[in-house]
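K.L.:
Add chain B to chain A, keeping to what the hints say.
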Amino acid sequence: MAALQVELVAADRKVWEGEASQVSARSTEGELGVLPGHQPMLCVLAEGEVRIDAGGWKTAVVDGGFISVDHDRVTIVAETVDASGMGS
Amino acid sequence: MGAQIREYRQRIRSVSATKKITRAMELMAASRVVKAQQAVRESSPYARALTRAVSAVATFSTEDHPLTSEKEDVKRAAVVIMTSDRGLAGAYSSAVIKESERVVGRLREEGKEVVPYLLGRKAIGYYSFRRREFAASWSGFSEKPTFDTAREIAQRLVDDFTTDTDEGGIDEVHVVFTRFVSMVTQEPEVIRLLPLEVVEGTEAPADDELLPLYEFEPDPAQVLDALLPKYVNARLFNCMLQAAASELAARQRAMKSATDNAEELIKKYTRLANQARQAEITQEISEIVGGASALAESK
Chain A
1 MAALQVELVA ADRKVWEGEA SQVSARSTEG ELGVLPGHQP MLCVLAEGEV RIDAGGWKTA
61 VVDGGFISVD HDRVTIVAET VDASGMGS
Chain B
1001 MGAQIREYRQ RIRSVSATKK ITRAMELMAA SRVVKAQQAV RESSPYARAL TRAVSAVATF
1061 STEDHPLTSE KEDVKRAAVV IMTSDRGLAG AYSSAVIKES ERVVGRLREE GKEVVPYLLG
1121 RKAIGYYSFR RREFAASWSG FSEKPTFDTA REIAQRLVDD FTTDTDEGGI DEVHVVFTRF
1181 VSMVTQEPEV IRLLPLEVVE GTEAPADDEL LPLYEFEPDP AQVLDALLPK YVNARLFNCM
1241 LQAAASELAA RQRAMKSATD NAEELIKKYT RLANQARQAE ITQEISEIVG GASALAESK
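Residue numbers (the working numbering), protein chains in the order written: chain A, 1 to 88; chain B, 1001 to 1299.
Extracted from the complex, chain B is given alone in its bound form:
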């Protein structure tokens, strides 16, 4: 009898310890996600200025740049998969990996050879556990990416992109990452990074604002030459920042529901422990009463 109460109390203690941890992780993720969102915002003036400049050059020059021209015969396509370094973020990493499997399948169907580039320990773990090969991997920064890492990764991608296909180069680069829509919605998304399409989207100048007739120095081709690699860097950096914000938001949500579950469990076990205690007392009383009446009868 007493053993049962003891067991319930033990469960309550262990669940409360877990609850403390998940609560702490929830609060940490909550404060970091604000910073991550701010980082996304702070990188937007750069992206806007760069997009504006690239579209200005693109409007005034008809030249084809290696980074923008589509290859006719695409044989090898790179897929960059952005996952987190750590777990405990709900379905964050598995959603990205699932999306990437879909993309890989589609590219294979089109007869392209797929070359994976992995970001984050979760993706690396997934690939090495299945003994699949990948071209390159980076990890250790998924929560707080810096521009330098983005530049390093973009550099590698651009290098491989400009290499001939026969020498191990790639013809296309797709990026699978998680777009940060809002605190409650983050969606896995696929974009084609290379060859470049200058997407104006939200970063475009207002419609009524005409691009002025720029004078280019040294000349449009060289300006484009200098700008496009930077544009690739900026886009990749933006993807990484969004992925980081999404990861933290997903972790916050996962930890919140873990904390709620722990509370629920504690409530349930407290009820059970109280019930067991009450039953014990009731039994003791009936034993005493039974004993007393047996004594009285025997006299």
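Only chain A is shown next, with the shape it has when bound in the complex:
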């Protein structure tokens, strides 16, 4: 199974970039999970946690923003990202 290319971007820096098998975030409509092969989507996020499964869960807290998915490329964009839960 193909992996997701994930980019987590804040206004003043790129927070994280890498491969992941699953991404979950909270959208304004509710919890949202992205697996490889997801259809193209652009979705507004609510304030909350973004979790990325890159061989172990990495979490970051975003203040809104949006997530875009196309061809297994996931971009999570928020103005401020608290990456204290990202680990290395």
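Simulated from the structure, these hints should not be mistaken for lab results.
Be aware that a few hints might be false.
[Stated by the list, open to error] Short derived list, chain A residues pointing at chain B, Cβ under 7 Å:
#, residue
1, A11
2, D12
3, K14
4, V15
5, L35
6, G37
7, L42
8, C43
9, S68
[Claimed, not checked] With a cut-off of at most 30 Å between alpha-carbon atoms, the simulated DSS-like pairs for lysine-lysine come out as follows:
#, chain 1, residue 1, chain 2, residue 2
10, A, K14, B, K1035
11, B, K1020, B, K1071
12, A, K14, B, K1098
13, B, K1035, B, K1071
14, B, K1020, B, K1035
15, B, K1267, B, K1019
[Unchecked claim] To give an idea of the chain B side of the interface with chain A (calculated C-beta under 7 Å), a few residues:
#, residue
16, S1043
17, P1045
18, L1213
19, Y1214
20, E1215
21, Y1269
Here the structure is a predicted model, which is why all the values come from computation and not from measurement.
Just so you know, even glycine gets a beta-carbon here, dropped at the ideal spot from N, CA and C.
P.N.:
Okay, now just chain B, sitting in the frame of chain A:
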């Protein structure tokens, strides 16, 4: 005679003290400009992602958003002027102010009322010295702007933009800032921030890459609603970062030429001091020789 040498030596001492200061400022600006350039680079992934998303929504929805729609009758136009907080940066601030005066003149000719918004102490000083009015001002961050300040300023601009003209709102926002072209070239530039034009420019996805058929959640209009204010923030932030990098580059250059001038002066005064010393010695010798021969003749 001795007084002249003393004076030259004093000048040399004072110029060397100045040279030390300008040299230190040059080195400081040089190290900060690298960081400022890096900040510009680091903000570009965000700008790119946002531009991509906004153009994706704009392609799939025909809806007009208040932030993108042109007003038919533009009465009041805001001009945001980005200058530095401190001087000693050559013509940096005055170039921006000169450019802004040109813009203000042009807007007035078009029959628009101009509302200035000032960034940086230099612009505030310029306006308050001439007792001109301005709508709002911010200062204290020109070398190292943060995203929070950009957001605060953008928020104010968007608020004023969405207010009715009759109630003190504005119909257009222009930004005068200095674009960082390279270490040696920085150019004052004017962009129209609002109403928004989604400029793809350098941040556009490659031509051969088609935007996929996105599914929007909750729906395109609401996605656009959430994205556009962020887009304004990002553009303003980018302007501020470029202005900061330009300011530091301009300061580095100004301080470098000041240091060079100081070196030149020191060289000149050293020559003059040596000449004066030599003349003094020559005179002393001729006095001694003259005195000795007068003594020999009188015997």
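K.L.:
For every hint, state whether the structure bears it out.
P.N.:
Hints versus structure:
no.	hint	in the structure
1	A11	4 Å, holds
2	D12	5 Å, holds
3	K14	5 Å, holds
4	V15	10 Å, violated
5	L35	15 Å, violated
6	G37	13 Å, violated
7	L42	5 Å, holds
8	C43	4 Å, holds
9	S68	6 Å, holds
10	K14(A) x K1035(B)	16 Å, holds
11	K1020(B) x K1071(B)	55 Å, violated
12	K14(A) x K1098(B)	36 Å, violated
13	K1035(B) x K1071(B)	40 Å, violated
14	K1020(B) x K1035(B)	23 Å, holds
15	K1267(B) x K1019(B)	13 Å, holds
16	S1043	6 Å, holds
17	P1045	5 Å, holds
18	L1213	6 Å, holds
19	Y1214	5 Å, holds
20	E1215	5 Å, holds
21	Y1269	48 Å, violated
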